[in-house]
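The lines below spell out each chain.
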Amino acid sequence: MTSVTEAERAVRPAPDPKGRRRVTDHGAWFLVLPALIPILILSVGPLLYGILLSFTDAQSGRTQPTQWIGGLNFRDLLHDTLFWESFRIGLVWAVGVTVPQFLLALGLALLLNQDLRLRWLARALAIVPWAMPEVVVGVMWRLVYNPDAGILNETIRDLGLGDGRDWLSGLGTALPAVIVVGVWAGMPTTTVALLAGLQNTPRELHEAAAVDGAGAWRRFRTVTWPALRPVALAITALNLIWNFNSFALVYVLTSGGPGGRTRLPMLFAYEEAFRYGQFGYAAAMGCVMVAVISILLAVFLAGRLKGGDEA
Amino acid sequence: MRTSRTGRAGQYLALLAYLLFLALPFLWLISTAFKPPRELGSLHPTWIPKDPTLANFRQAFDEQPLLHAALNSLIAALGAALIAVLLATPMAYVMARRRTPLARAATGWVVVSQAFPLVLLIIPLFLVLKNLRLINSVPGLIMVYVVWALPFALWMLVGYVRAVPPELEEAAAVDGAGRVRTLVSVTAPLLAPGIVATALFAFVTAWNEFFFALVLLKTPEKQTLPVVLTHFIGAEGVADLGPLAAAAFLATLPSLVVFAVIQRRITGGMLTGAVKS
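Protein chains in written order, with this note's numbering: chain A, 714 to 1024; chain B, 450 to 726.
Hint data in this document are derived by calculation from the structure and do not stem from the laboratory.
In this text, a Cβ means the ideal position worked out from N, Cα and C, and glycines have one as well.
Please note: incorrect hints may appear among the correct ones.
[As the list claims (entries may be wrong)] A partial selection of chain A residues facing chain B, derived with a Cβ cut-off under 8 Å: (1) Gly784; (2) Leu785; (3) Leu824; (4) Trp833; (5) Val965.
Could you build all of it, start to finish, from the sequences and the hints given here?
Next up, the structure:
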């Protein structure tokens, strides 16, 4: 490779033993800057700008200059019952998705960790929801839930359990129906993480416990779980955050309907910002969401520090 | 470890239930994609189309600019993946090899960035990109995707760099290779599969992305596949099921193929990233 020698010649440091250390430190900066600059300009900067916007009356397409209005957005937000209803739905959704997701993924990971036939197929299939665009997942489940042409109602009719119903438009069924989709879509990440954790549990300990006559549940509780705990905690915390902030799935499935029953906070803020143009107010909503998520994250970190120091 | 016969049977039963839960919705999508309108309207849909047809695919291409959207998606995803990996690899190397405050801050940012709701990021980005006249443009979207892909690209790459033993680099240094020479001829080849996996993962994530594309791309000729897909669903939530299913199926294929290729590496990368951080 000619480029190797060229690059070498160009960057080779001066043969001064005292200057060497400083050169490598410059090298580190040189390596970090290409990523750091875009991060600062397009991620850290906008986030700070976003927090500032929440204290202004910024609106889209307005001619007057934006004004600093202090905590007015937050005071309005405090009395915005629609927002808090959306917030409540967001929490129900986040917990309602994360908990079954974890339990189902744990079951699947334990199965995949066994010496079963068809394991390869299950492993491949378990990844499929991960690879699919969220929009397609939403479209797919709309087809499943479709009141006439959907397979769910057809199965219900075949089993003689009635006529089925319009799952995504029913006031009582819409949220549970989208939660099922959330569970389905998020299972792969959780399963993969837990499977990775399981493969780190000491096999000898497991066998020793079995020889000592410990049953499956006992072995799981005393050998598997302690080793799995840090991974389980981490992935659950991440799932909570991701689910609380989720958007595309529900946007495609119900657009927040019927009657706002599935309007997650992200959908609410999106409409506020890009349908009604209330940038400042929507930014304030984002800030409130971050605050809640930070509390969740703090709880998670505290638990993690107590539990798994080896991670 | 021995498991009783009934225990085994129970395990297979559970595995079967998982397989059905995971596979059936996708099979239903494929089934719907190949059904003629008459069957889609019938009250007793079947798993296997009685009269399979490609008409839905033709209609899907007629109704929406799918090819153009796919091209936009491809440009956005390729651009984002290549630039993200190009920027992230050197930084990941520093984060993995050195315990500088900067590396620690970067790791912290990777975690914190996950917690911010995208709406708080998109409003300022929208305003900034508007000033730069990069709204409704694929390059603008690429810029956003790059920054959005950087956290997990860094996360995965740090894991892969850690998997390269530093002793190898030290050995090369002892043999008289300079820093750059060591990086290029010792570290890079060992890192290459990880870099490719990260790039492909970033590609799929960008290909699948919806929220930023929805906000930033306004006109149909600029929009990416996921956004165009939602146009099949009418304002009242009424959708033309056949073409919708056909288009959704096609939009998924690239992601599935790429994921099948990198499946093992991804799980491996997540593992090292998760365990060693």
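Taking the hints in turn, this is what the structure says about them:
no., hint, result
1, Gly784, "17 Å, violated"
2, Leu785, "17 Å, violated"
3, Leu824, "5 Å, holds"
4, Trp833, "11 Å, violated"
5, Val965, "6 Å, holds"
Violated hints for the displayed structure, listed by number in ascending order: 1, 2, 4.
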